[in-house]
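Residue numbering for the sequence shown follows numbering that gives the first Met the number 0, beginning at 0 and increasing consecutively.
It is worth saying that the hints were derived from the structure and are not from the lab. Incorrect hints may have been included.
[Unchecked claim] Calculated lysine-lysine pairs in the DSS-like style (CA-CA distance at most 27 Å, straight line): (1) Lys191 / Lys208; (2) Lys240 / Lys208; (3) Lys281 / Lys191; (4) Lys258 / Lys133; (5) Lys133 / Lys240; (6) Lys133 / Lys120; (7) Lys120 / Lys197; (8) Lys239 / Lys191; (9) Lys191 / Lys282; (10) Lys208 / Lys120; (11) Lys191 / Lys133; (12) Lys197 / Lys208; (13) Lys281 / Lys133; (14) Lys281 / Lys258; (15) Lys258 / Lys282; (16) Lys133 / Lys282; (17) Lys191 / Lys207; (18) Lys207 / Lys197; (19) Lys207 / Lys258; (20) Lys197 / Lys239.
[Stated by the list, open to error] Now the in silico label distances, taken between C-beta atoms and shown as ranges: (21) Asp300 / Asp194: 34 to 40 Å; (22) Glu311 / Tyr149: 19 to 25 Å; (23) Ala374 / Asp300: 48 to 54 Å; (24) Asp125 / Ala241: 43 to 49 Å; (25) Thr198 / Glu311: 31 to 37 Å; (26) Phe148 / Lys239: 16 to 22 Å; (27) Asp402 / Phe148: 45 to 51 Å; (28) Gly410 / Lys133: 29 to 35 Å; (29) Lys133 / Ala291: 24 to 30 Å; (30) Glu322 / Ala342: 38 to 44 Å; (31) Lys282 / Ala196: 24 to 30 Å; (32) Thr267 / Glu311: 21 to 27 Å; (33) His412 / Ala54: 30 to 36 Å.
The structure displayed is predicted, hence computed values, not measured ones. Quick reminder that beta carbons are idealized off the backbone N, C-alpha and C, glycines included.
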Amino acid sequence: MTEPGPGVLFLPDSPGYPLASTVSLPEGHPFAPAGTLSLRLGDLSVTAEGEPGEATVEDLGGGRSRVTYPLAPLALTGRYSLDVRPDPGTGLDSAGDLAPLSTRPASPGLPKPLPAPDDIKEERLDTARAEREKLLESGENGYHLVAAFYEHNEAYADVFDSGRVDDVWKSNGGTDAMAADTHDAVRSDQGKVNDSAKTYANPDPSPKKVSYNENAITQQLTMQEALVHMAERLEEHDPKKAQYQAAAAAAGDFGTRVKADTGNDRTTVNPLTAPQVRDAVKKAANAGRAAAPFDPAPFTDPDGFLERIAVEGPSACPPGLTEADLRDIQRARNACLQADAAAEPASGQPLHQGTCRARIEGATITLETIARGGARTVDWLTVQAPQPDLELDDRDWQGEAGDTARERLTGMHFIRTLLRDALAERVAAAARTGTSPYGHPDLQTGTG
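Could you put the whole structure together from the sequences, leaning on the hints where they help?
Now the structure itself:
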């Protein structure tokens with residue numbers, strides 16, 4: 000293999016992203032008359048077309064600084080494969096092979112947070128069990144709250160087992176930090192559970208840290224999206240379908256009741272101690288009532304709602320949701336679609352193959368540094384980049400299969416979003432290690 004030039008970064012191959020099913024295939028194709036189309040990307044590399052721009056530095060106090068600098072335009076190149084498989088139920092088998100498009104190893108990304116040690120997990124579970132007993136002893140409302148949890152616990156467990164929420168739930172370690180603070184506050188009965196003075200790493204790749212409440216709402220919407228998505232994939236007669244739908248409704252209803260009884264929502268933080276939380280549960284109105292009606296539409300098509308908002312303004316938001324909520328739902332849905340694509344069996348044949356490319360302008364890097372032991376280290380770093388406008392060499396695409404693939408790719412935002420996130424993760428890893436031209440030459444920092 001030819002040695003890459005300076006500043007060339009490689010991205011891992013993608014799984015086959017499903018595009019459409021029951022698509023008419025060319026006469027004589029082994030899977031004719033119809034098949035399922037998917038798109039894979041491979042041999043992906045990104046190159047910065049120059050040096051980074053001038054950095055701006057903001058002193059945050061306490062030895063902390065925030066640094067932001069623009070990157071030169073990024074050139075993304077690679078190959079694609081438009082693959083076809085037999086439609087489910089056709090009785091046809093495939094001798095095709097979805098072998099990786101690239102022999103390069105997957106690129107390293109941002110450092111992943113280490114899971115909490117088993118003894119810490121058990122300690123947190125002990126605290127949760129003790130709090131459950133206190134809620135049961137607090138009266139009828141506490142009983143209803145614990146009963147609702149156990150009613151839907153199996154559905155929530157299925158979501159975690161599916162891996163569909165891992166990308167958001169575990170991202171950047173924010174939720175684990177929240178869990179530690181919740182554990183400490185509940186165990187002591189003195190600290191604020193949702194301390195307004197504390198912020199946490201954003202699950203979205205953004206330099207803005209978020210409040211306890213905002214991250215909690217993000218995770219609630221992530222759970223609801225996964226439940227709706229899993230229900231979508233089941234037959235109507237499957238009892239799990241109704242179970243997942245009811246659990247999604249209950250998660251949203253819980254958020255509504257928290258706001259009604261404590262005033263806490265995404266943007267309003269009313270700090271409460273554990274005793275104050277129990278008191279709010281005890282005094283809550285209608286704690287035993289059924290969950291409010293649930294509309295899954297924003298969770299099945301967040302892109303459509305966001306496009307309407309861009310044209311019509313905030314009035315186009317679904318009842319009870321904000322534009323920020325929809326963006327959380329969109330991110331969670333993208334993660335579900337990515338998990339689905341990765342789980343698809345590698346069975347099919349390439350229908351068309353060719354090159355792909357994109358040019359990304361306006362990417363920036365933001366990081367915070369902290370003085371430690373006489374040196375400055377990077378505490379956290381993130382890359383913000385627009386979605387790439389991916390160009391595919393589709394000159395040979397013909398017939399219904401070609402037309403359908405073009406149409407679907409035009410409207411499938413999640414492929415561009417996932418590609419943008421993979422690119423940002425790889426560039427961030429290069430910037431953290433000072434790789435030229437991604438790490439800024441004026442920054443004399445180590446990595447933390």
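Results for each hint:
Of the pairs offered as hints, the one joining Lys191 and Lys208 holds, with about 18 Å between alpha carbons and a cut-off of 27 Å not exceeded. Between the alpha carbons of Lys240 and Lys208 the distance comes to roughly 36 Å, so the proposed pair goes past 27 Å and is violated. Distance restraint check for Lys281 and Lys191: the Cα-Cα separation of roughly 18 Å lies within the 27 Å cut-off, and the hinted pair is therefore satisfied. With a C-alpha separation of about 22 Å, the suggested pairing of Lys258 with Lys133 holds against the 27 Å cut-off.
With a CA separation close to 33 Å, the supplied pair Lys133 and Lys240 exceeds the 27 Å bound. A C-alpha spacing of about 20 Å is found between Lys133 and Lys120, which places the hinted pair at or below 27 Å, so the restraint holds. The hinted pair formed by Lys120 and Lys197 meets the criterion: a straight-line CA distance of about 22 Å does not exceed 27 Å. Between the alpha carbons of Lys239 and Lys191 the distance comes to roughly 37 Å, so the proposed pair goes past 27 Å and is violated.
With a CA separation close to 19 Å, the supplied pair Lys191 and Lys282 stays within the 27 Å bound. Simply put, Lys208 and Lys120 have alpha-carbon atoms about 25 Å apart, close enough for the 27 Å limit, and the pair holds. Distance restraint check for Lys191 and Lys133: the Cα-Cα separation of roughly 18 Å lies within the 27 Å cut-off, and the hinted pair is therefore satisfied. Between Lys197 and Lys208, the direct Cα distance comes to roughly 9 Å. Compliance with the 27 Å bound is thereby established for this hinted pair.
A distance of roughly 11 Å separates the Cα atoms of Lys281 and Lys133; the hinted pair therefore holds under the 27 Å criterion. Between Lys281 and Lys258, the direct Cα distance comes to roughly 15 Å. Compliance with the 27 Å bound is thereby established for this hinted pair. Of the pairs offered as hints, the one joining Lys258 and Lys282 holds, with about 14 Å between alpha carbons and a cut-off of 27 Å not exceeded. Straight-line distance between C-alpha atoms of Lys133 and Lys282 comes to about 15 Å, which keeps the hinted pair within the 27 Å bound.
Pair hint Lys191 plus Lys207 holds up; C-alpha atoms about 22 Å apart against a cutoff of 27 Å. The straight-line distance between the Cα atoms of Lys207 and Lys197 is roughly 13 Å, inside the 27 Å bound, and the hint therefore holds. For the hint linking Lys207 to Lys258, the alpha-carbon distance of about 23 Å falls within 27 Å, and the restraint holds. Taking the CA atoms of Lys197 and Lys239, the gap is near 38 Å; set against the 27 Å cutoff, the hint is violated.
Evaluation of the 34 to 40 Å hint for Asp300 and Asp194 yields a pass: the beta carbon distance comes to about 36 Å. A hinted range of 19 to 25 Å is violated for the C-beta pair Glu311 and Tyr149, which are about 42 Å apart. At roughly 49 Å, the beta-carbon separation of Ala374 and Asp300 lies within the given 48 to 54 Å, and the hint holds. Between Asp125 and Ala241 the CB atoms are about 34 Å apart, so this pair departs from the stated range of 43 to 49 Å.
Under the hint 31 to 37 Å, the C-beta atoms of Thr198 and Glu311, about 32 Å apart, fit the expected range. Under the hint 16 to 22 Å, the C-beta atoms of Phe148 and Lys239, about 18 Å apart, fit the expected range. Roughly 49 Å separates the CB atoms of Asp402 and Phe148, a value that falls within the hinted 45 to 51 Å. One distance hint, 29 to 35 Å for the beta-carbon pair Gly410 and Lys133, is violated here, with the actual separation near 50 Å.
One distance hint, 24 to 30 Å for the beta-carbon pair Lys133 and Ala291, holds here, with the actual separation near 27 Å. The hinted range of 38 to 44 Å is not satisfied by Glu322 and Ala342, whose Cβ atoms lie roughly 31 Å apart. Between Lys282 and Ala196, the C-beta spacing of about 26 Å keeps the proposed range 24 to 30 Å intact. Between Thr267 and Glu311 the C-beta distance comes to about 26 Å, which sits within the given range of 21 to 27 Å.
The hinted window of 30 to 36 Å between His412 and Ala54 holds, with their beta carbons roughly 31 Å apart.
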